[in-house]
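Asks: With the hints as a guide, dock the two chains, each given alone in a separate frame, to form the complex.
Residues per chain are reported as follows:
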Amino acid sequence: MSDTTIPGLMADAEESEKAPNGPRRMVLNMGPQHPSTHGVLRLLIELDGENVVKCAPDIGFLHTGIEKEFEVKTYQQAVTLTDRVDYLAPLSNNLGYCLAAEKLLGMEIPPQAQWMRVMLTELTRLNSHLVWLGTHALDIGAMSVFLYCFREREDILRIFEMFSGQRMMTSYFRIGGLALEPPRGWAQRVKKFIDVFPSRIDEYENLLTNNRIWIGRTRGIGVISLEDMLDLGVTGPMLRAAGLKIDARKDEPYSSYEKFDFEVPTRTENDVFARYQVRVEEMRQSTRIVRQAMEGMPAGPWKADDPHVVLPDREKMKTQMEALIYHFKIVTEGFRVPEGEVYQIIESPRGELGYYIVSDGTTRPYRVHMRTPSFGNLQATSRMVEGTLIADVIASIGSMDFVLGDTDR
Amino acid sequence: MLPDHLRERAVAAAVADFDADAVITGKYDRDELTLEIAAPKIASVCGFLKYDQKFVRLSAVTAVDRYPMEPRFEVIYHVHSIERKERIRLKCRLPGIDPVIESVTSVWRSANWYEREVFDLFGIRFLHHPDLRRILMPDDWEGYPLRKDYPITGSRV
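These protein sequence lines are chains W and Y, in that order. Going by the numbering used here, the first sequence opens with residue 1, and the numbers climb by one from there. Going by the numbering used here, the second sequence opens with residue 1, and the numbers climb by one from there.
Hints were generated in silico from the structure; no laboratory data involved. Where hints are given, some of them may not hold.
[As the list claims (entries may be wrong)] Stretch by stretch, here's where chain W covers chain Y in the computed footprint (C-beta under 8 angstroms, at least three residues): (1) 8–21; (2) 58–66; (3) 83–94; (4) 104–113.
[As the list claims (entries may be wrong)] Chain W regions said to be covered by chain Y (calculated; three or more residues, Cβ under 8 angstroms): (5) 59–70; (6) 180–187; (7) 243–253; (8) 328–342.
It should be emphasised that the depicted structure is a prediction, and the values quoted were computed from it without experimental measurement. Using N, Cα and C, we set each Cβ at its ideal position, and we do this for glycine too.
Isolated chain Y, as found in the complex (with noise of 0.2 angstroms):
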């Protein structure tokens, strides 16, 4: 549900209408907005946002482990419309036991290297993604450093 502030953003107001339930809750907060979808939903959001609502730029996708806590992940979309001058932040809470979340990579093209990015480094797989490998760790790399259980330092002997 939408938080009723954040009706008069035209933006939330938008997404809310196109699918409630998507919309779990939102925030905005420091000038920038925040809303958190459900994370089924978070493909036919994007397309929603991308075509209907002129956010034609994928800025970024990124993550945050909010280890030891459950959900554990946060899949976090920086959206970008150049016309509208406009940027918000779309956010998916995922459990830490199989993260598993479908790509954007249909929506924005560019999504394809954020989204390894996010696999090499958190372990977050993205459904139907075209090419889901390793980006900067090496191939035969194990475990995914940003997990804030993995150790900032030590050797691998």
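For reference, chain W alone in the conformation it holds in the complex (with noise of 0.2 angstroms):
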């Protein structure tokens, strides 16, 4: 049934089997293909009827070694890395990166760049929850959601395609502000789809927030202590719901969050359907951001202006000789990043988001660790599923809304 050996697990099983009443425990290999699991995440339950006795997840399918290619990569191209490591919120590991960078390096980025990247950072974090709550919604049953969800995530995904050319694999931040100016009419497209949206998420809650199966599905499981999951390190949401007011972007702002006028949702039941109420409130704070942005973006340029980091506007690399030369330079070796090493944290949709990056002094990075928020989360399963029945263990680990790219990066 298992060719990994998880301590205790089988053993039990066995035991238990050889038992005077009989053979009772069961273990069940749940995924690593499991529609709910989201990825591939590998969950091994052992079953006494109904009740999970023993809960071992199994994690590092989706390994692709990101860090190891960091290390041989120049600063500037290892933001595509950190794209593809939580695919559902691009943009907020490109702003974890950069600013991780642009630290190291004692950069200043401009007003406009900044704000840039909060209301992009906001929009990308609407994007991840409305996956998140289409998905969760659909394993636990309700399937129209789900479709209203991803109606309002093409928008988002139209935004982003806008901005940077790419839906997905935005890799939008670079080291020293964006990769290309904002594009014409920007403000429009963003201001038509935040005015509907509010209107969308009350449709959402409609659906769901008196929903007798929902309810009935989600209050009072996934229960954890507050203790357990600071001590097991669980991050984000999952924290805001059991009544922990945490925030990286009110606790240690970056990027001007600490200009932005938004609320942090708490709530103190601690169970799936607080987790939900803290998410939906959330895309509303983030749309409040978003307007905030919108309406009050600075004039001034979108790149600091440093001509050893940032590459050149086209028209002066074809027109001036020291423009040409910046450029030639930055495309075939990069630029060298002081000594050092930094630990730099963001609020991601999931959670804390941390960079570690040790530089050596040249253009590549020597180290780079990430915090990633899966990885810590995901620790929490075993504690949050073990003495319930089997039939909660999806709703359970849907509302800790990993990302297995995350996870195993």
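Replies: What follows is the structure, encoded as structure tokens:
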């Protein structure tokens, strides 16, 4: 049944088969290709009837060696790798990496680039939460929500395409600012979206919040104490659903988040339903941030004034010798980053995302470690589902909102 | 020995007062505090930070390979205090031959998977770890991919 040996797991099952009452416990292998694991997570679940006695998550099926890959890319090239870590929130990862590299370089980012980053990262949060809500509801049996969520997600992806030319792997943030000038007419497009979006959130809530089946499947399910979560490394909306007001955007503001007015929603029930409510409220708050950023977007340059790091304008490159030399140097060998190490935290849709970059003074990162929220959150799986019913396992793990690309890197 | 200018950092001073031998050196760079801890003392320092200094969260454990320098490995702990809104980095250096360090899973359970990852990708062993197996690579994998002497490309025939 299982080719990996999980200590204590099979042993218990075998022992119980020898027990006088006859065989009672069995080991169920869920995944790695189970649709509700949203990727390739394998759960080995030991069951006593319908009760989960033990649960051992097995990860690594999506390990692609991204951290090793960083070490042979120049700093600017490596931005494209960060998209592929958490493919539902590419811009959050771009932002975390760029902020860390900029901290090493000691760079000042112009206000327009910072605000644009905030706006697009919040749209990414909406995108990610929409996928979460749709698939989580689908797992629990509410199919129509999925169709509604993906309708709005499409609008967001079109906005991303307008900015960067890509729907998913945007790589729109670069060290020093943005990759391209914001396109003409972006403000109208974003406005059109956020004008209707709050009413769309009402639609989802109409479908779910008072839905008896939804409540029955989520209330009081997946409870895990706050102490356990902190000790097991859980971050993000799960902590907020347990009443802890923690959000890196407020506690350790980056990219001028301190200039925006928004609330950090919390609940105290600490179950799957509370996590749903927190994320829905976060969508409303993100819409507020997007609107503030759109309306108050500062004028000015969208990339830093640092010819050693930032590529020159196309026009300058064609007409000025110096700009051409810089362009050639940056493209062929990259730029040198002063020696040192930094750990930059941002609040990704899933929780605390940390980029630890070690530089040895050359043009390529010496070591990059990504503290990804999904990896931390998944550690709590066993604690959360052990002692509950097998039927609630899907709802419980769905409420964690993990992405396996983010877990395995 | 803690450098004198780090005395004004409350955490650094507290750790040095707790165990003066544990702190080898430290630095404050780009608004981040790094304390280099003697490897055998890591578990007791982490316990002190968690229970006495309110660093309730272990954000991540990772490692850096300084090959061919010796001591070759650095094990990095990122620790976070929600109450104090403060983060610090602990660093332990380990030799290239048989790198072993005490596990901090007894302090924070979240260290479990992070240490498994370091074991998996760097080959650093953690003593008294409850379940030290590979986590990202297949169980029968040979070698430690994030070591600097491990090739980036090449086929395994």
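Asks: All hints are to be evaluated individually against the structure, with a verdict given for each.
Replies: Structure-based check of each hint:
Look at the segment 8–21 of chain Y against chain W: 0 of its residues bring a Cβ nearer than 8 angstroms to a Cβ of that chain, fewer than three, so the hint is violated. For a cut-off of 8 angstroms, the count of residues in the segment 58–66 of chain Y with a CB near a CB of chain W stands at 6, and the three-residue condition holds. With 3 residues having a Cβ less than 8 angstroms from any Cβ of chain W, the segment 83–94 of chain Y passes the three-residue criterion, so the hint holds. Figure legend: the segment 104–113 of chain Y, annotated as covered by chain W; annotation consistent (5 residues with Cβ-Cβ distances under 8 angstroms, at least 3 required).
Counting residues of the segment 59–70 of chain W whose C-beta lies closer than 8 angstroms to any C-beta of chain Y gives 7; at least three are required, and the coverage claim holds. For the segment 180–187 of chain W, the stated coverage by chain Y is not satisfied: 0 residues place a CB nearer than 8 angstroms to a CB of that chain, which falls below the threshold of 3. A count of 4 residues in the segment 243–253 of chain W with a Cβ less than 8 angstroms from any Cβ of chain Y is obtained; the coverage claim is therefore met, three being the minimum. Residue count for the segment 328–342 of chain W with a Cβ under 8 angstroms from a Cβ of chain Y: 3. That meets the three needed, and the coverage hint holds.
Hint compliance for this structure: hints 1 and 6 are broken, all remaining hints hold.
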